[in-house]
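Put together the whole structure using the sequences plus the hints.
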Amino acid sequence: MCIMAMAWNAHPRWRLILIGNRDELHARPAAPLARWDQPASLIAGRDLLSGGTWLGVSEQGRAAIVTNLRGYGAPDPDRASRGVLVADLLAGRKTAPLDDFNPFNLILVDGEQAHFLSNRPAPLRTELTPGLYGLSNGTLDAPWPKTLALKSALLDWLVAGAADPLPLFDALRTETLPHAGIAPDTPSDVPAEARVSPIFIRNPTYGTRCSTIVAIDAQGEGTITERRFDPEGKQSGESSIAFTWPAPAE
1 MCIMAMAWNA HPRWRLILIG NRDELHARPA APLARWDQPA SLIAGRDLLS
51 GGTWLGVSEQ GRAAIVTNLR GYGAPDPDRA SRGVLVADLL AGRKTAPLDD
101 FNPFNLILVD GEQAHFLSNR PAPLRTELTP GLYGLSNGTL DAPWPKTLAL
151 KSALLDWLVA GAADPLPLFD ALRTETLPHA GIAPDTPSDV PAEARVSPIF
201 IRNPTYGTRC STIVAIDAQG EGTITERRFD PEGKQSGESS IAFTWPAPAE
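Going left to right, the sequence shown walks through residues 1 to 250 as the UniProt record's numbering numbers them.
Please keep in mind that the hints were generated in silico from the structure rather than gathered at the bench. Glycine included, every Cβ here is placed at the ideal spot set by N, Cα and C.
Label pairs and their computed distance ranges (CB to CB):
1. Q219 with R93: 23 to 29 Å
2. L48 with L166: 28 to 34 Å
3. P246 with L124: 24 to 30 Å
4. Y72 with T244: 35 to 41 Å
5. R28 with P248: 35 to 41 Å
Following this line, the structure appears as structure tokens:
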């Protein structure tokens, strides 16, 4: 389970606000947020098993985030890594066919365009209009309670005219079960589902590994900040990197 909310050209002050949690096995090794040596323009954490990433930005004017798409059975270990797809898109490289990957949702911002990509039930690439979006492990803007809650928190932050990201990190740290409960397509194991239904998942085996906020203003000045968490859900580190996107075309 992962979750994100995005404001794309939805506020005069901000070109992009992207907030999200990565939920993963704590035993899966990962490197913290950093500038990559290759491709040199990438700024992201790195999955040390696949070499890819779950969320990142490029100083060439790209940002991307991926989530697993549930409802299609267990992932096939022989398929290409979804994290590599993110890295390739951020670098502007040719990617493998979308069908080659396990089921996924992906949002890509590239210059002055944003797209939603998926590969189930069929490969899909849809251009997004300026606005507010939420995504977890269902379809884009599926009304999952925790997705709605995170979108609402982002909207409140924008309306307040805030610049301090702390309220957004607080929203990403929400451990209470949303009022409406678990996801609408819940499997039969309700107790297990309830454990992964909050925005922030605290579990010693599988839980929220990091929270990330990308904030890019109208002039293209941006910051990406990552907070990392240990298996007990305690913050174990934080990294923040400033960058600049190319100016939008007039």
